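Q: We have chain U already, so just place chain V with the ligands on it with the hints.
Order-wise, the sequence lines are chains U and V.
Numbering-wise (this note's numbering), the first sequence opens with residue 1 and increments by one.
Numbering-wise (this note's numbering), the second sequence opens with residue 1 and increments by one.
A couple of the hints might just be wrong.
Among chain V residues calculated to face chain U with C-beta under 10 Å, some are [unchecked claim]:
no., residue
1, 48
2, 53
3, 90
4, 92
5, 95
6, 97
Read the hints as simulated data drawn from the structure, not as lab findings.
The structure presented is a predicted model; accordingly, all values stated were derived computationally and were not measured.
Think of the CB as a built atom: it goes at the ideal place given N, C-alpha and C, for glycine as much as any other residue.
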Amino acid sequence: MLQLAIRSVRKRPGRFVGTLLATFLGAAISMAFNSLHDTAGAAGIDDTSAETLGLSAGVVGGYGTLLVFFAVASTLTVNVRQRASEITLLRQSGATPAQVKRMIMGEAVLVAVLGTALAIGPAMLGGRLLLDMFQETDQVAPGVDHVFGPIALSAGFGVTLLASAGAAFLAVRRATRTAAGARAPRARLRTAGGVLALLGGAGGVAATYAIDPAEPGLMAAPAYGAILLSVGFATLSGGLLRTLLRLFGRPIAALTGAGGYLAVHNTRRRAASLAGVLMTLVLFTGITIATICIQVVESDAIEAAGVGKSVEDKNVETLNLVVVGIIAAFCCVMLVNSLYAATSYRRHEFGGQRLAGATPRQVLTMVATESGLLAVIGLFFGTVAGLAGALAFADVRLEAGLPGETVLIWLGTAAIAVTATMATSLLTARRALRTPAIQAVAVAA
Amino acid sequence: MRLVGVSKVYGDAESAVTALDNVSLSLPTGSFTAVMGPSGSGKSTLLQCAAGLDRPDRGVVVVDGAELAGGTEAELTKFRRNRIGFVFQSYNLLPTLTVLQNTTLPLRLAGRRVSRERARTILAQVGLADRLGHFPDQLSGGQRQRVAIARALVAEPAVIFADEPTGALDTRSAREVLELLREVVSAHGRTVVMVTHDPVAASHADSVVFLADGRLAGSMTEPTADAVAERLAHLGDVVAAGV
Ligand SMILES: Nc1ncnc2c1ncn2[C@@H]1O[C@H](COP(=O)(O)OP(=O)(O)OP(=O)(O)O)[C@@H](O)[C@H]1O
Ligand SMILES: [Mg+2]
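If we strip away everything but chain U, and leave its shape as in the complex, we get:
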C-alpha cells in the first residue's frame, strides 16, 4: 500500500500541489521560529540574547506552530474529502478500509515529509533573517550565530506530520464509512472537538487575567485563546450556517435568482463539509485582528508608562510586527489554497448544473452567493475570536477597552478576507467553466 501511495503521488503530482504548499509553508514558519530555540541554546551565548530568543521562539514558535497545525489539517481535510469518489472506487475494486486508510495516510505523510524537507532551506534563511532583525535592533549580541538544530527540525516535522496524518485519518475514516454504505457518521467527534477547542480558547483568554500585566509573555495567552476559539467556532459553524439559511434562505434566493437558490441549497446540505475552508477563513480573521490589536495595545501601554522602550518591549514589538505579517500572510495563503482546491474540484458539479440548464453566469452567481455566505460567517466568528483575545489583553495590560484603531484594523482585515474569498472562488470557478459541460461531467464520472 505504501508503494501504491508512492505511485499515486508520482503519477498525479498536480493533486498534491495544494497539500504540498500547505506543509511546505507551515513547516517553514514553525521551523524558522523554532530555530531561535536552537540558537538560544547554543554554547557561549549571553543571557540577554538567550532570553530574547527564547521568548520569541516560545511565544511565536508556540502559537505559530499551533496555527500551522490547524491550517495544515484543514487544508488536508479539504483535499482528502475531494477524493471520496476515488475511495469509493478503490473499495469497490476490493480494497479493505484499512488498505485505503494506509494508502491515503501514506500519501499524506509522504507529502508532509517532502514539504517539510523542502522547507528546511527557506526556514534556515528565515531564521537567520529573524536573528538579523534582533541583532539590528540591538536585542541580541552581534556575535551570536544562527543555529538550525534538533528543536527546529522536530517542530517542523512533528507539526506537519501530525496534522497531515491526523487530518487524513479522520477524513478517510469518514469517506470509507460512507463508501461502505453506512450513513455518514454523525459528527459527534467533531462536535466534541469543537467544544473542547472553545473551552481551551476560553481558558486561554481567561488565563490572560492570571498573568502579571508586566510579564513579557503575556500576549501568548490571548493569542492561543484566539486560535483555539477560531478553531472551535469554525468546527461548530455548520449549525449556525444552517439556521441562518433557514431564516434568510428565501430572501437570499429571491435577491440572487436561480443561482442564489442553488447556493442556498448547496450550502445547507454541505454546511458541515464547509468547515475546512471556514477554518482557514476564521483563523485568518481571528489571528490577524487579535495580534494587530494586541500590538497596538502594547505600544499604548509603553507610551502610557512614559518611559523609553526597553529592550524587551522593543523585542516584543518587532517580534509582533513580524509575527502579524508572516502569520497573517500564511493564513491568507492557506485560505486561498483551500478555496482553490474546494472550487476547482467542483468542475463536475458545475457541469451537471449547466447541463440542467444553468448559464455560466448563473453558476457564477451561485458561487458568489456561496462565497458571500462563507465570508459573512467566517468574518463573524473570526471577529468574535480575535476581539476576545484582544479585549482580554487590553483589559489586563492597560485596564482599558479596545483601542480606537480597532475599527480600522477590523475594516482592513475584513476587506482582505472578503476579497481573497470572493476573488479566489470566482476566478477558479470561471476557469472551471471553460471546460465544455459535457466533458466536465464525463471526466470525473
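A: Chain V with the ligands alone, transformed into the frame defined by chain U:
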C-alpha cells in the same frame, strides 16, 4: 427536428476520432424514434449535438423550427431551455436538491413561473408522488431515471432526447419508462429521440435509426424486437460492404 450534414471529430490531428460523419436526418414532430448501433458508433454524440449540448464541427441542427446556431454557451443554454428536454444516461440530478426541487429546476433557471402543482402531477405520473422530499442518493436507479424524465418534461419542450434511459433498469421499470415516453408522444404530441441497445426498448418506438461508425446505416419503421435484433446483428457486415 432536422440534422443536415452533421460531422463531429474528437481529439487532435493525430488521434482524431470521427464520431459523426456527415449525418443527415429528419424526424417529424410527434414521432418516437430509437437510435441504435454498436458501442462507439456515435449515438451519444449524435444526441448531444442535436440537443445543443455539444457543438458539431460541421452541419446544421434545426429544432422546433429554429436553427441551433453557434453562439455563446449562454445563448445555447437559453435556446435549449424552452425547446429541448434531455434525459441523461447517468441521470445528472443535483445531489443537494430534493426530487421536487430537481424537477422544477429547469423552470427556475429559465426564470419561468414555478408551478409546483404541475411538477407534482408529473412526478405522480412517473410514480414518485410519495418521494417528493427525498434526495437523489435516497432513490434507486430506476427512480432517479424517472426523476430525470420528469425534469425533462416539466418545461414542456418540443423535443425530448433520452440517452439509454432504460440502460440501468430492470425489465419492469424499463417498460414503465418506455410507456411514459410513448405517452409523451401520443398524449402531448412531442417528439422523442431515444438511444438504446435493447431491441425490446426500440420496438416501443415508431421507427429505428441505425448508426455505425458515425454514419447512418439504415432505418426501420414499425420495428419489432426480433427484426431489430436481426438488423443489428448484420450491421457490421453492411458497414463492411460500404453502404
Ligand atoms: N470526449 C471525447 N473525446 C474523444 N473521443 C470521444 C469523446 N466522446 C466520444 N468519443 C469517441 O467518439 C466515438 C463515438 O462516441 P459515442 O459516445 O457517441 O458512442 P456511443 O454510440 O454513444 O457508444 P455507447 O453505446 O458505448 O454509449 C467513440 O469512438 C468515442 O471513443
Ligand atoms: Mg453512449
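Q: Against the earlier hints, flag every one the structure doesn't satisfy and list their numbers going up.
A: No hint contradicted; all consistent.
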